[in-house]
Every structure is written in C-alpha cells, then in structure tokens.
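Visitor: The lines below spell out each chain.
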Amino acid sequence: MADKVTWNFGEFLSARSVAGETIIELAKKYPNVWGITADQGGALKQFKKDFPERFIDVGIAEQNLSGIAAGLALEGNIPFIFGMIPFMSMRACEQNRTAICYQDLPVRFIGTGGGLTSGAGSTHNAMEDIGIMKSLVNMTVLSIGDPNMVRDIMLLSMTYPHPLYLRLAQGKKDRMLYEPGKYEFKVGMGLTAREGKDATVLAHGEMVFEALEAANLLKEDGIDTRVVDMYSIKPLDKELLFKCIKDTGNILVLEDHLMDCGLASAISDACMDEGIYPKKFKRLGIPQIYAGFGSGEQLRKKFGYDKTAAAAAVKDMLK
Amino acid sequence: MADPKEVKRLQALAYDMRKKLITLTGYYEGIVHIGGDLSVTDLLIALYHYGMKVDPKNIKAPDRDRFLLSKGHAAVSMYMAMTLRGYFDYDTLMKTYGRLDSAFGEHPCKIQLPGVECSTGSLGQGLAIAVGMAFSARMKKEKHRVFCMMGDGETCEGEVWEAVNTAGSYKLGNLVGIVDRNKQMMTSFDGDYMNLEPYADRWRAFNWNVIELDGHDMAAIVDAIDQIPPITNPKPTVLIAHTTKGKGVSYMEHEINWHAGSLSKADTEKALADIEANYDKLGGGK
Numbered sequence: 001m002a003d004k005v006t007w008n009f010g011e012f013l014s015a016r017s018v019a020g021e022t023i024i025e026l027a028k029k030y031p032n033v034w035g036i037t038a039d040q041g042g043a044l045k046q047f048k049k050d051f052p053e054r055f056i057d058v059g060i061a062e063q064n065l066s067g068i069a070a071g072l073a074l075e076g077n078i079p080f081i082f083g084m085i086p087f088m089s090m091r092a093c094e095q096n097r098t099a100i101c102y103q104d105l106p107v108r109f110i111g112t113g114g115g116l117t118s119g120a121g122s123t124h125n126a127m128e129d130i131g132i133m134k135s136l137v138n139m140t141v142l143s144i145g146d147p148n149m150v151r152d153i154m155l156l157s158m159t160y161p162h163p164l165y166l167r168l169a170q171g172k173k174d175r176m177l178y179e180p181g182k183y184e185f186k187v188g189m190g191l192t193a194r195e196g197k198d199a200t201v202l203a204h205g206e207m208v209f210e211a212l213e214a215a216n217l218l219k220e221d222g223i224d225t226r227v228v229d230m231y232s233i234k235p236l237d238k239e240l241l242f243k244c245i246k247d248t249g250n251i252l253v254l255e256d257h258l259m260d261c262g263l264a265s266a267i268s269d270a271c272m273d274e275g276i277y278p279k280k281f282k283r284l285g286i287p288q289i290y291a292g293f294g295s296g297e298q299l300r301k302k303f304g305y306d307k308t309a310a311a312a313a314v315k316d317m318l319k
Numbered sequence: 320m321a322d323p324k325e326v327k328r329l330q331a332l333a334y335d336m337r338k339k340l341i342t343l344t345g346y347y348e349g350i351v352h353i354g355g356d357l358s359v360t361d362l363l364i365a366l367y368h369y370g371m372k373v374d375p376k377n378i379k380a381p382d383r384d385r386f387l388l389s390k391g392h393a394a395v396s397m398y399m400a401m402t403l404r405g406y407f408d409y410d411t412l413m414k415t416y417g418r419l420d421s422a423f424g425e426h427p428c429k430i431q432l433p434g435v436e437c438s439t440g441s442l443g444q445g446l447a448i449a450v451g452m453a454f455s456a457r458m459k460k461e462k463h464r465v466f467c468m469m470g471d472g473e474t475c476e477g478e479v480w481e482a483v484n485t486a487g488s489y490k491l492g493n494l495v496g497i498v499d500r501n502k503q504m505m506t507s508f509d510g511d512y513m514n515l516e517p518y519a520d521r522w523r524a525f526n527w528n529v530i531e532l533d534g535h536d537m538a539a540i541v542d543a544i545d546q547i548p549p550i551t552n553p554k555p556t557v558l559i560a561h562t563t564k565g566k567g568v569s570y571m572e573h574e575i576n577w578h579a580g581s582l583s584k585a586d587t588e589k590a591l592a593d594i595e596a597n598y599d600k601l602g603g604g605k
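Just so you know, the sequences run in chain order A and B.
According to the numbering used here, the first sequence is numbered sequentially starting from 1.
According to the numbering used here, the second sequence is numbered sequentially starting from 320.
Looking at chain A on its own, in the form it has when it is part of the complex (with noise of 0.2 Å):
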C-alpha cells in the first residue's frame, strides 16, 4: 500500500506484488471481488490465503477462466483475471468479446509480461494485445509502467462499470515513475511527466522511462523534450494529443507493441479524423516481425526502439 512505499524515481519495485496488495485491500473492503487464475497467479499468492471462497484457479484454460469471469460479472462480482497478457489477450479473446464486452460486463483483466519484457521469447511476447484489445467493443485499455499506478488504477476501477483491460510491463521489475498520491489518474487521461517545447514523445507502459532518459539526452544536445505518459489508450486523451501537436509541433511515438496497431495508431487515426496534423510524425516500436529471445532491454536496442533511439528519432525530427 502507498503508505508503505519507498519512493524513488527509476527504482524497481513489482507491479505484481502491487496488485497483489490491492486486491486484499479491495476484497476486504468489497464482498463482491475475485481474484482468478489460469494457473497464472503469482500476484494472489496471499489472497488465496485470505479468501479462498473468491479464488478460482482452473488450471491452464484461460477461454474457461474469462467466460467464468463473465459468469461472477452476470452475479453483480468484480472479477479481476490475473495471467500473462498473450494467453489473456489472444487464447481468450473470442471469450473476452462475446461473454464479457458483448454484455458489458465489469471483469478486469491484470496482465503481465506487456511488449517483449518477458523474455521467453515470441510465443510469450506480447505485441498484439492492444491491437486486440482496443478493437473490442465495450473494452476500454489502460498500459502502465509505474508499478504504484496500479493500485491507483484498480482502486479507480471499483466503480468503473466496463470492462477494463490493464496492461502491465515486465510485472517483477517494474521503474517507478511518479510520487504515490502526486497524480490522479483517470480512464481518458493522459499524464505529462516532463514539459517541454521542441517535441513530443508519447509512450506508455515501460517506455515512459525511456522516454524521459531519452529526454535527458535530448537535454544535453539544448533539446527541449515533452514526455506524456499516454497511459489511456482506449479512450484516447485527444485533448492533450492535440495540444502537444499545438505546443510542440514534433510527434513521436514509442511503444513496447506492434507498431501498426497500438498507441500509434490511435494517435494517427485521431490526427487524421480531427484534421490536425503534427509538423513531423514518427513512430517507434516492435517491427513486423518475431522478436524471438532476449531481455526487454536488450531487444528494444536490437530493434530499435529505446532511449538511444528515440533521441536520435527526435534529432532527426529537428533537422
């Protein structure tokens, strides 16, 4: 819980343990909360402990797990579904649009291992998930690096009445970003962790960190870097995308997902819809392919999307 928290800015800490934390806080305090697992749950390790009557493991079978879901949600529950975001997302996914968004339903799914921060490679990574996910009618979208936001989040969600899908980075090792308390996070809100003038990067998730490193690069170079956490990304901050593009003219884009079909997207989709186009645009992330085995770090370098990167892709912008 927050009070308990150490603070310091780019330490690690787990958003696992985070959630975990939450979710007896939650179930202490609302009768009608769950926690389940497709034999995925290492965040309800205490919660099992503390309420074995709301824990459903079913075992590996997560289409099973999010119509049961849907099935706690038709009762008036709160099912928080916790597992690894490719079986979550793309296992389930006919289950999680046709049991649970078709009908509305208030289950939350916690996921973890977001972009290539799992490091089991392509079979765990998770690149399709927001593709996926923001295409579900009903299903808002919510990516989160900052491991103490996820208390905030889930606490939020308690009378939040869709369903909610939160994106998690690695989930063990997670850069705390922001002050516990300092931000009120919201579903539609976009966050600006660093002013500046020249341009913009937008990011959500783990490279919201790398956003702001590349902004200290940027800094030594007498560039003035913005960095928003675009951590909403179904529904989108239009608000806040449109002043950056009025403040800052620059756009760029760096995320830990599939290039052409996440925050990128949604961002050029809504320039394109409202007519308001950045001077320069450039987006940042996985390419079409399979990443195969690595660290988050080590494949975000490969393929070209961390701080190194996204300096040199803001530089160019400038030119």
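For the record, the hints were derived by calculation from the structure and aren't laboratory data.
Note that the structure is predicted; figures quoted are calculated from it, not measured.
Please note that a few of the clues may not be correct.
[Stated by the list, open to error] Straight line, CA to CA, 25 Å or less: simulated BS3-like cross-link-like pairs of lysine-lysine:
(1) A:Lys48 with B:Lys459
(2) A:Lys197 with A:Lys319
(3) B:Lys414 with B:Lys584
(4) B:Lys429 with A:Lys134
(5) B:Lys459 with B:Lys490
(6) B:Lys460 with A:Lys48
(7) B:Lys490 with A:Lys48
(8) B:Lys459 with A:Lys29
(9) A:Lys49 with B:Lys459
(10) B:Lys490 with A:Lys49
(11) A:Lys28 with B:Lys459
(12) B:Lys554 with A:Lys48
(13) B:Lys459 with B:Lys376
(14) B:Lys460 with A:Lys29
(15) B:Lys459 with A:Lys45
(16) B:Lys490 with A:Lys45
(17) A:Lys28 with B:Lys460
(18) A:Lys219 with A:Lys243
(19) A:Lys319 with A:Lys243
(20) A:Lys49 with B:Lys460
Based on these hints, arrange chain B on the given structure of chain A.
Guide: Leaving out everything else, chain B in the frame of chain A:
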C-alpha cells in the same frame, strides 16, 4: 414417479409450443433453427413450467433459478417456452422475431430482452459462464440452481470440457447441465466424422453425476428433474437427454437439411398436420 396429471399438463404445453414454433417459422421469411428447436421443446417446457423456480413477474428475484441457453441458436424455443409461462407477449414475438430492432433475435441477447439471463450464440461458451454463476451462488450461500442447456454438437468445443473439469473439481452441486443429445450437428450425424460416444462416460470421468433420459418422454423428464440431488451434492449433475432433431415433424426427423430453414405455406401445413396426427403421442390429449 411423476404425477400423471402434471405430465399431461406439460405435454399439452409442449404440443402447443410445437404448433406455435411451426407457425412462427412459416410466418417468418428468414431462417429458423427449427430442427434443434423441436428437439428441446419438451425439455424447455419441463424446465420453465415445472423444474425451475422462476417468476415471470419478478425476473430479478435473487432466489430464482438461472437458465442459460448455451445452444443459443434455439433461442426461439426458449422465447416460446418463456412466452407460454407468461414472460413475453405471443403476438409481439410472432410479429417481430428476427426483425430489425426486435428484442427477439436469432440468438438471445440479455441486454435487448430482459428475462434472458445471458447472451449466447457462440457455441461452447455457455457452460463456463454458468460455472461462474454457480461459484457466485455458492460463495453468497444462495440456494438456487444454475441450469445450462447445451447441444451435443457444441460439446466438441474444448472450452466445454475446461468448464466440465472446473465444475467437477470444485464440486459445484448447484450446477445442472442439460445436453440435447440429438446426435446431429449442422452438417453431419454423430459417428459420420466425429464420434462422441461413450458420451455419458466422458462426463462421469470428470466427476459429474449423470442422468440419462428420453428427452421427449415428459414423464421421464419430470422424473429426471426430480432426481437432481440437492445443491450440497459434491458433484454437478448433467441430464443427457436423448432426443430427435425435428421431433414431431416427419419430414424433418433424422434429416440433415433441417438444422435450420424456412417453411413454405405447404411445408407449414404439412408440419402442423403431422403434429396433429401425432396428437396423443405428443401429449395433445386431454
């Protein structure tokens, strides 16, 4: 043993429902899944008019039994059984079924049609949802049952067996599955390509209590419902109802073409004549 008077009453309702289903199919210019509708007619009448604790005037009563139609393409038969119970207006069902903005769609939608417990239509998904509802009831110490009707064809889906496994493992005694075992899928008979036997053993192997019955023998259906153990039973129960797709209409029974279709005026008249000819067998007798 089932009360003969009660059986007679239910048979008469099922007889009426068959005629109304044929009339609707003849009236509607689109396609109706009439084969599977007729195979679950007797079961749905028995559930909505005898087996389940429901009140059409209080559709949100917390202690009501829950019913999910996993074989959502038989929606019209559920609508009809519910209409005969007093949930919906027959004329509205007849005139609007399947049409733009109607609450009575080809597959049931709980948002459009209050009284429906769950939107279904994508096969194989109902049982897992019913398992979730059964978990909730048990946690809240509620006394009702959750009924889930499946087609045997949709039990080819893996998700069904994931849910069967969960319900057996967690000993969900408040869950009742009903399988419309008509041995016919959309394009083939059981055994042509996929073989579902030994069917009952498959459920038993997952720690379910199995009751097999003739799904067109009203006395047998009533007996089977009476045999469902109390919700404290350490096993969920499945009623495997042996049925015939298109039951009651001679030209539809055992015909692969009658999974779904529309009826010409002549087809409609012939089907109604068939049902009337089988008046006593289908329980039309007073």
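Visitor: Could you check the structure against the hints above and give me the numbers of any it violates, in ascending order?
Guide: none
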